[in-house]
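Enquirer: So the sequence lines, in the order shown, correspond to chains H and L. Each residue of the first sequence is one higher than the one before, counting from 1 in my numbering. Each residue of the second sequence is one higher than the one before, counting from 1001 in my numbering.
Treat the hints as calculated values from the structure; they're not laboratory data. Fair warning: there could be bad hints in the mix.
If we take Cβ atoms under 8 Å as the criterion, some of the chain L residues that face chain H in the derived model are [as the list claims (entries may be wrong)]: (1) I1006; (2) L1009; (3) Y1013; (4) L1017; (5) L1021; (6) Y1025; (7) A1105; (8) D1106; (9) S1107; (10) G1110; (11) K1199; (12) F1203; (13) Y1210.
Below, computed lysine-lysine pairings styled on DSS-like, alpha-carbon distance capped at 25 Å [as the list claims (entries may be wrong)]: (14) H:K29 - L:K1196; (15) H:K57 - L:K1114; (16) L:K1195 - H:K29; (17) L:K1019 - H:K130; (18) L:K1016 - H:K22; (19) L:K1045 - H:K76; (20) L:K1196 - H:K34; (21) L:K1114 - L:K1211; (22) L:K1019 - H:K34; (23) H:K130 - L:K1016; (24) L:K1201 - L:K1114; (25) H:K154 - L:K1211; (26) L:K1211 - H:K130.
Positions of the beta carbon are idealized from the N, C-alpha and C atoms, including for glycine.
Here is what each chain is made of, one letter per residue.
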Amino acid sequence: MSSNQQELFLSVIEQNKGIIYKIANSFNKDEDDKKDLVQEIIFQLWRSFPAYDQRSKLSTWMYRVALNVAITSYRKEKKKTEVFIPLSENVLSFPDSNESNEASLNLLQQFINELKELDRALMILYLEEKSGKEMAEILGLSEANIRTKISRIKEQLKKRFSTTNQ
Amino acid sequence: MEEFAIRQLWHDYDAKLEKSLQLNYRIIREMQTQKYEDHIGSFKKNQVAGIITGILWILFLVFLVVNTMHNIYFVISIGMIALFNIFAVGTYIRHLVLLDQVNIADSITGAQEKLAAIQTSLNNVGRILVLQAPFYCTFWYSQELVNHAGTTFWIINLSVVTLFVIASLYLFKTLTFENIHRKWVRGFIESFGGKKLIKAKEFLEEIEAYKTDGK
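Bound-form chain L, shown alone:
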């Protein structure tokens, strides 16, 4: 079939649609006044849910710190955990601001690139949060424990903490999209709900290639 025939086919289809499609004006008017949940807003909603949960968690951690000021080990550990979570909430708030700046009437590659970039940067939140893991091994220390626990206890305990530090640093360094070709990295990110992020990253690369291809 020739190009002209294909275009004619589409043109006929268009004419047929013009005749048969009926707009429901009442529904459009209702859409203008009623609350309507849209696809684009649902990503925003997840961000808001993340921010609210994060703030509640931080408030709880701060409450614990304020009420346990006499234990320096607890204050430092929980304080550090709170700081990591403040960073995460801050990033989510930044995403909301960036989402508001995405103009749906922007060019397709422009708008889709921004949306995908926001989604992929969420992976950094996960990576940063991994770094808080060692502090979950130290928050229960006390002055009494430090003064009286034996050498064996400290060897075992500090080995566990060291293991957590190494593991979290390794995960922080490795769980990046640059390493997505590694099966376990992909599996790890996917198993922690990162499937959407991987798809967004792949789409981002696709857009980049699309923009440069044929130039």
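With the rest of the complex left out, here is chain H:
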């Protein structure tokens, strides 16, 4: 990777650090696992960055890599992987857990965490306000399929919030 590309990569990560954190947070509850996943996502993004051919939007590419890594690592049996980066330092410093103290946000996060992996990915994309076309591209599904699934998830979400608010 040339130094220009490296700088570009860093700025892409800087602009999308929130996405990386939210994906890691949605696929891992354990703080250490979350940190590992963030490292893993950034590492895989860096590895596939030179192959990014601009045929799809940068955000589409980024969500694909990040969600693929999150799902793959989620499906692995819990096993500590050796990372060569000292654990005392994190690639992304996380906000205090108090940040997400708001009951509604916790409830939303809990709802996301309970979904199956593919629905979880879809839910994140929906909350990120991605268009049906982009969601379809990221997930590899038809737009009609996306619409059906989104309306189903929205129903579940509505139910969850209404039963809790009662």
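Fit chain L to the given chain H structure using the hints.
Expert: Relative to the frame of chain H, chain L by itself:
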């Protein structure tokens, strides 16, 4: 809570993260230069370990065959065992090639489907290797034994071999994912380290259903 409120909640969360998350550029730069062991690479590592072990085992078997050419029963039995293992190593090498073709930037269902399909096909290696079992009952035969062993010996011996042939053929035919609903098949595959394969197969089916559902 309405849809708009939920989206707003997520939006606020996003804004809060934007402010509070700090990227450690030094660590990212180190990650770019240092050796880093990743989750995706660990599956590949297992495959490479399997290939190296398999090749060493095959070389050992070939060495035995070459040095025991005078005993046709030994040569055939060990030769067949070697062939089964060559098949297994070949499959592992094929998996490595397929793994290299998996693009992590591919669509989620596409990439996950390929990864799960590679994992599940490992079950076929186990099934094929079961077929080598009867040859472990015959490699110690010799011309002298064939010429001089009595009828009782052969009745007992060939019964054992036949039993192994039937059992291995039965296992080969039955230990498939189509029969995973049978408790003992599931238990058998799981007890031989196939838990991951079963999970991969279930995920594969889930992806298939996900793709067709709502079409």
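Enquirer: List, from low to high, the hint numbers that the structure doesn't satisfy.
Expert: none
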